[in-house]
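Chemist: With the hints as your guide, set chain B onto chain A.
Going down the list, the protein sequences come from chains A and B. Per numbering that gives the first Met the number 0, the first sequence starts with residue 0, numbered consecutively. Per numbering that gives the first Met the number 0, the second sequence starts with residue 0, numbered consecutively.
In short, the hints are calculated from the structure, not lab data. Please note that the accuracy of each hint is not assured.
To be verified - Below, simulated EDC-like cross-link-like pairs (lysine to aspartate or glutamate); rule was C-alpha separation at most 20 Å, straight line: (1) B:K384 with A:E30; (2) B:K384 with B:E329; (3) B:K391 with B:E273; (4) B:K384 with A:D33; (5) B:K91 with B:E273; (6) B:K91 with B:D325.
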Amino acid sequence: MSDLPEDLHVLDLDAFIAAGTAMLGIPIRPEWQDAIRLHLGISLNLGRWLLDFPLPDDAEPAPVFRV
Amino acid sequence: MSSFTAQAIAADVLAGRRRATEFVTQTLANIAARNPLLNAFTAVTADRALARAGAIDAAVAAGRLVGPLAGVPFAVKNLIDVAGLPTLAGSKINRERPPAVADATLVARLEAAGAILVGALNMGEYAYDFTGENAHDGASRNPHDTTRMSGGSSGGSGAAVARRLVPLALGSDTNGSIRVPASFCGVFGLKPTYGRLSRAGSFPFVASLDHLGPLACSAADLALSYDAMQGPDPLDPVCTTRAAEPAFPTLRHGIEGLRIVRAGGYFRAGMSPEALCALETVASALGVTREIELPEAGRARAAAYVITASEGAALHLPRLRTRPQDFDPEVRDRLIAGALIPASLVTQAQKFRRWYREAVLRLFESADVILAPATPCPAPPIGQKTLVLDGKEMPLRSNIGIFTQPISFIGLPVVAVPVPLPGGLPIGVQIIAAPWREAVALRVAQALETAGAAVARLSVFGGALSRDGKQP
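One chain only, chain A, in its complex shape:
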């Protein structure tokens, strides 16, 4: 659907997951690791794609959105 970056190394993500879940206090089991890595990679790829989009400093975030 888009040319998303695919250069997030698996080992980096495993370290990221270990540090993040330890900080948040989420106990994870080894058998969950592959799926968590897959989904984190998708989100980070999509997030980095968003960062590539230039927005003005005064762009107002819309956390609660009224049309």
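Modeler: Only chain B this time, still in chain A's reference frame:
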């Protein structure tokens, strides 16, 4: 039961031709017979429904005023409060919650209009789902082929309406959870403007993206129920104070004068031949030739994805910390990943949301309605893990919503209409309107239904109700 619509039932009950009790009794019998295979219901409120039907019948007999949904059986996704039932939200964890002490606002409003609640419906856990699968309750099954997904997360709602177990069901839609099951099960679904219908008394998922809305077998039933549910509600902080704008009175005004276009660019990529055929069927029926591009729709979908993962994880963080083993694994692993997304990415997604809103609203200066596919493909087999989009194999769960997410991301009203394809499963098309213009989208849906281009068929496979040989 092929004309089992809310409009027809209410007309019969209000005219005294048939009693609400007859419809409810038949509905309960159908659920008992069909649900073991479909797995659409997680609770049936038989005693309550029969008592309510008796009250409706007594009111009609006494000549008292009864609402426009008199005697219409309906059911709700089990994240919507029903007094006396724990609000499961598709989870194992919520089974420990005490029963709800009151009905959700929309349940109360439908019953005030004469409708009769008959039960609660299966769903993907905590609404983080596009498949209709559920590790705790089992998958709800597609009536057109019970080996296939009902769609999610309002899978039970789609399956129950498609099989005519109820003429009307409520679902929720954060990223497509009404429109995806409507597409897979071949029924009509309405995701209203963000803030139009109260969400009070429903279990949340992503506050800034959550909507509730109806699924039904006709545009008229969507309009009737939508009109009954409109109105401000101080119990939902984002519910609009805007006056109700009834859709039913203008439903049959036709499409003359409406500027209808189809979405190009992003929405052209990733469509299966079936999705393309459905879109072209609808475009042809409406005489649509003009195409427009929703700018940066792919990034809009990405932003919705990131916000959903992060905010959903934040909602469930206490449970992820204390009992992650009790989640559906398919949901748990995505929520844990979502908890790890840097805040800077989420803030960027929210800022982008503002930009995208302004860009898309400008398109409505030259168009009243935008057509787009609802799902990239018809219902996949239950258990399938990947799908091919634009020639690339992708994870299925995270990609079924590629066409719905850029729309709900900015809260636009959408009607998903079912398009039956020759010899195949149904698939939906999105009829997208400007904010607060549900009535316009419903008019177009009605025009398509009248023309025969959008039809909620009981069976798309002729004599045998289901392609897999089962008779749900």
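Chemist: Work down the list of hints and note, for each, if the structure agrees.
Modeler: The hints, checked one at a time:
| no. | hint | result |
| --- | --- | --- |
| 1 | B:K384 with A:E30 | holds (18 Å) |
| 2 | B:K384 with B:E329 | holds (11 Å) |
| 3 | B:K391 with B:E273 | holds (17 Å) |
| 4 | B:K384 with A:D33 | holds (14 Å) |
| 5 | B:K91 with B:E273 | violated (36 Å) |
| 6 | B:K91 with B:D325 | holds (7 Å) |
The structure shown violates just one earlier hint, number 5.
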